[in-house]
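**Q** Single-letter residue listing:
Protein chains: 4
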Amino acid sequence: MTYKIAVSGASGYAGGEVLRLLAGHPEVEIGAVTAHSSAGERLGTLQPQLIPLADRVLSDTTAENLSGHDVVFLTLPHGASAEIAAQLGEDTIVIDAAADHRLESASAWEQFYGSAHQGTWPYGLPELRGQRAKLAGARRIAVPGCYPTTIMLGLAPALAEGLVQPTDIVIVAATGTSGAGKSLKPHLLSAEVIGGMSPYGVGGVHRHTPEIEQGLGHAAGVPVQISFTPTLAPMSRGILATSTAKLAPGTTEAQLRAAYHQQYDAEPFVHLLPEGQWPVTKQVIGSNHVTMQLAVDLHAGRAVIVSAADNLTKGTAGGAVQSMNIALGLEEATGLNLLGVTP
Amino acid sequence: MTYKIAVSGASGYAGGEVLRLLAGHPEVEIGAVTAHSSAGERLGTLQPQLIPLADRVLSDTTAENLSGHDVVFLTLPHGASAEIAAQLGEDTIVIDAAADHRLESASAWEQFYGSAHQGTWPYGLPELRGQRAKLAGARRIAVPGCYPTTIMLGLAPALAEGLVQPTDIVIVAATGTSGAGKSLKPHLLSAEVIGGMSPYGVGGVHRHTPEIEQGLGHAAGVPVQISFTPTLAPMSRGILATSTAKLAPGTTEAQLRAAYHQQYDAEPFVHLLPEGQWPVTKQVIGSNHVTMQLAVDLHAGRAVIVSAADNLTKGTAGGAVQSMNIALGLEEATGLNLLGVTP
Amino acid sequence: MTYKIAVSGASGYAGGEVLRLLAGHPEVEIGAVTAHSSAGERLGTLQPQLIPLADRVLSDTTAENLSGHDVVFLTLPHGASAEIAAQLGEDTIVIDAAADHRLESASAWEQFYGSAHQGTWPYGLPELRGQRAKLAGARRIAVPGCYPTTIMLGLAPALAEGLVQPTDIVIVAATGTSGAGKSLKPHLLSAEVIGGMSPYGVGGVHRHTPEIEQGLGHAAGVPVQISFTPTLAPMSRGILATSTAKLAPGTTEAQLRAAYHQQYDAEPFVHLLPEGQWPVTKQVIGSNHVTMQLAVDLHAGRAVIVSAADNLTKGTAGGAVQSMNIALGLEEATGLNLLGVTP
Amino acid sequence: MTYKIAVSGASGYAGGEVLRLLAGHPEVEIGAVTAHSSAGERLGTLQPQLIPLADRVLSDTTAENLSGHDVVFLTLPHGASAEIAAQLGEDTIVIDAAADHRLESASAWEQFYGSAHQGTWPYGLPELRGQRAKLAGARRIAVPGCYPTTIMLGLAPALAEGLVQPTDIVIVAATGTSGAGKSLKPHLLSAEVIGGMSPYGVGGVHRHTPEIEQGLGHAAGVPVQISFTPTLAPMSRGILATSTAKLAPGTTEAQLRAAYHQQYDAEPFVHLLPEGQWPVTKQVIGSNHVTMQLAVDLHAGRAVIVSAADNLTKGTAGGAVQSMNIALGLEEATGLNLLGVTP
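Residue numbers (full-length UniProt numbering), protein chains in the order written: chain A, 1 to 343; chain B, 1 to 343; chain C, 1 to 343; chain D, 1 to 343.
Hints in this document: simulated from the structure, not taken from any laboratory.
Any given hint could turn out to be false.
Identical copies carry no separate label here, and so any pair may be met within one copy or between two of them.
Unchecked claim - Heads up, simulated EDC-like pairs for lysine to aspartate or glutamate below, C-alpha to C-alpha not over 20 Å straight-line: (1) K185 / E41; (2) K185 / E110; (3) K246 / E161.
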């Protein structure tokens, strides 16, 4: 069977990446591609890489244009998805790349986004314990953020096995600038970005903090508390997350490695690298893979886990397609057998 | 039927890219992966992106290790392929990414490479007129250079139709540094490359000049003469070639566009972009596509054609796999339905 | 004596570079710093590198705020300088980094800029024959464009000595994206630029074409005709220009080298590199130097000259300060003894 | 008076940067420039930015060639400086950019460098409390590492005032690849580096850890313990260090800001940025400045300090020249009035 798919926000980076993946997916047919201010333009003008779809014309992002599809991907600004989803009905699978339905805590949502919470959807990160089952047959899916994906996969096994302490976790991550979307802001201009690094959103609590703490809290079974500093690196794609947590008494590197192997060895997309090999973001660019490595720093009494992902692929569009596959009952890796474009 | 494939030079950039493509090719099985100084190492150490093949171990590049495969890809230094090919026999398809068997002129080979010419093989650029037929059923294939691929596809239709003059063609091209291979040379160090541009091999005749003039000469039906200046750009992959040729008397832009549409509209991988849209190398990174645009500069009396390709994909490994597909009688685009990883 | 200087457009890249240079100039004092939409902001917010000036506040770009200075630098959009200059009076030296007063041909100005020509000012490229004398004591100076500076310095000696032909010159140049200014345009976003190259303004005649042809025409003593293709490279600063011209009958490389040595050996900022060494843009980043190398390609019958400059320094602000020094009767290199920040 | 200076290791990045700064220093004259394997080459071939020094020829790095100068800069591999310094005598100021004489603990030196400790020299970071006085009149100076400079300046005021706890400090820093020197290693090739990030030396204790803990221990007055993860970013220069430490009970952001203002407001090169402005490495590239910003994260109970420096300038050569100025009794900022080359 071929499923008919619509993609909203098709003019942006996340929408373009969903379409790049779907164009190579053997079980789908691409229907409506919609946008807001770019409606009426050729897709090829805005997404020049989508060569087989170049002559498609963007239509308006309306429930009318999105209806009649088996699956609708929403890559819209935060706050816009609940209303559209309500008009699409339960016969359509809606996969939302925005934050709207990720948080379980209505108060956390309201604190960070300043609007009324619209409910919580199954969370599209099947590698977290218990999530894969919730995605099977789901009609609504909230795609995780790119930072949370990279960071939670890096920390979850250690927390789940009680090998590190759930408080005072410190995370510093670097992202490529596509993570900020196609926003016309001065600090994203290439002349500013090339050749330098900068932090952002420091010290105050980043919007991704409650999402990360929520997911890791489920993994740990107790509340988790993090310090998170994101930085902007001079690259288009990729996240490198360095996460450190205090070792539980007696934890050894062998125990940690065993926990990661146990949780991930059967996963198609998450990989603890062999000892001595550290992740490089370029190895996963354009792919749905996440790589990681860990070390025990006895001097500091901390475990250090470094994880790498492509913010647009596994961090957004790839995770979304993987979740769609599960929801539709397809083989989970369908259409996602791409390897990193390296060097 | 599944074809068994060996890849020599699997530790380098070209070999890694062949394997990246073959890992997603539905009709092949990857057999031996061989190297020279890296023999004995895990493939995943040297090619961290090849996650499903990471535990393969590189064997020595010997005829013995390469024999017993349906297809052997050679990504070896210039001068090494003839000897190995001789030992592999005509039952094995040998696809050579080096320059050894590209040139028809023995004297040109000897002038530029300083060794005895080893013969000319069918040329793996099916989009050049007459080449596709020669590749069907071929047992030996010479893969074009990355610069020649990008430049010849850009100029061939104009020359074939006599719309530009065959002499005094001027070409300036920029390449990403993977084009130089994994060579430990100071000028390729990232600290030197990032943030700057430089020319190389200027004024003397570049090794690619006879290859480009040979291919364009076939297209034009008369000898072609070029001035070619390559430059090194601060990017990993991609070639942007700016080619200008004197207009034949009376040539209009409409005539030029018609010639390109006629030659390329049925091609799966070569595209004249719509008027007003210029190629960007990022739109083809990781893909087998070539994009181009043209203009008529009446002030200067020249046609200007700008073409973009990924030097490692269409410029090397993708062109090689495409040629293999033709030689094996497979659908030409098999395993090559990848789109550019953009942004 | 200390000269009091005002800089308009101080929020932009060109204005920031003028201030970076003036902050180290021993004979000047920085007075008003003005802007348009950023008036009222701290300079340090917009130009974080100007640490000693960080607490200055931008005032409005008005003739009132700019008056009372010995020298006023205008880094404004094209078309804005004539009106302001008229209000400043001849006691103030006005140095205009825009195109307004570069072209001698009113019709060329009107064709390319679509407004009435406001006259021609002495041209701030003292290394072109005859220009230095015109800058001594000048009260109005038009700073050349960054492309024209890099290209004209590369070609002028060959043309002046009749060693190349003045028609059918072909130029392809790559620029860093600061050349486009701090413009919020999608194609300048870092996610789009990093990792790729693209052409722009192809085939039609670029705005810089008449400026280049004008300057080279003076050098050659006859009209000059060029084909010019600019490209955008993934770097913040720097221009690499590859210029080729047909050799006059009998021209040798020795003759060419002699012509360049004769014209440039006494220049503080323009350098023909030793044989065998090619320019790299990084060697001049942040400096007022221009480096170049040449070759004779007998196969193609062309001279190839490659020249490198920093578009913001020698290409804009450095050339402006150098011209100011001449106009004020200061030693020409005052405040410009900066070397390239390499690697 | 003009001081005569020799620079050893003049073919490398650190040596080149020392020469770039000295070329603009009004009180010095550059004497011998020496190298090891590059002896006999033109300086301009290896350091193309040093245009006024291009025709100097590198001599061998021997005590004989280095003697007879007032100041000798050593930018040699670790372990080579003690022997040469011994031959130079106390009438020559020796400034060592290697690690040899930084550590006070002989056992720490032996543990991390595997050779006999050669003693401790005055430490060239005058902004650390007490160090400036020790540099006045010093004849031997150990230049700090680039990471330690950036990190210690970021953390020292908070520790000195007891506003953060001295244990469980977590630091993640990103560096440009010039920090690795001109080493021909595959992971430093531009094709590998551009477009990606990677960690290195994780979990084991980095060589810089004892140096950082030593300096911060002096600042705090008690032993300090850190977790340090360095990462490699796709840029030539610059360090961005994110340092977090547990807040002492009751510490407020106002108290922290006051401590930094008190320690740094009179410093010419170290700057706490205004509230709301975060450091970007590009603002200090090519300059001797260090910028920083801090925040109090009450959620995590940590102070977060982000500091930025150019690893080659303030992190190596600029710090060395600044220390020389103090040792010679010159104004401390002489020759160092360069601002960041931005954008």
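**Q** Please go over all the hints and tell whether each is borne out by the structure.
**A** Going down the list of hints, with the structure as the test:
When the C-alpha separation of K185 and E41 is checked against a cutoff of 20 Å, the pair qualifies only between copies, where the shortest distance is 17 Å, while the shortest distance within a copy is 23 Å. Taking CA atoms no more than 20 Å apart as the test, K185 paired with E110 passes in neither setting, with 26 Å inside one copy and 33 Å between copies. In this homomeric assembly, K246 and E161 come within 20 Å of each other (Cα to Cα) only inside a single copy, at 14 Å, whereas the closest approach across copies is 26 Å.
Comparing the model with each earlier hint shows a violation of hint 2 alone; every other hint is respected.
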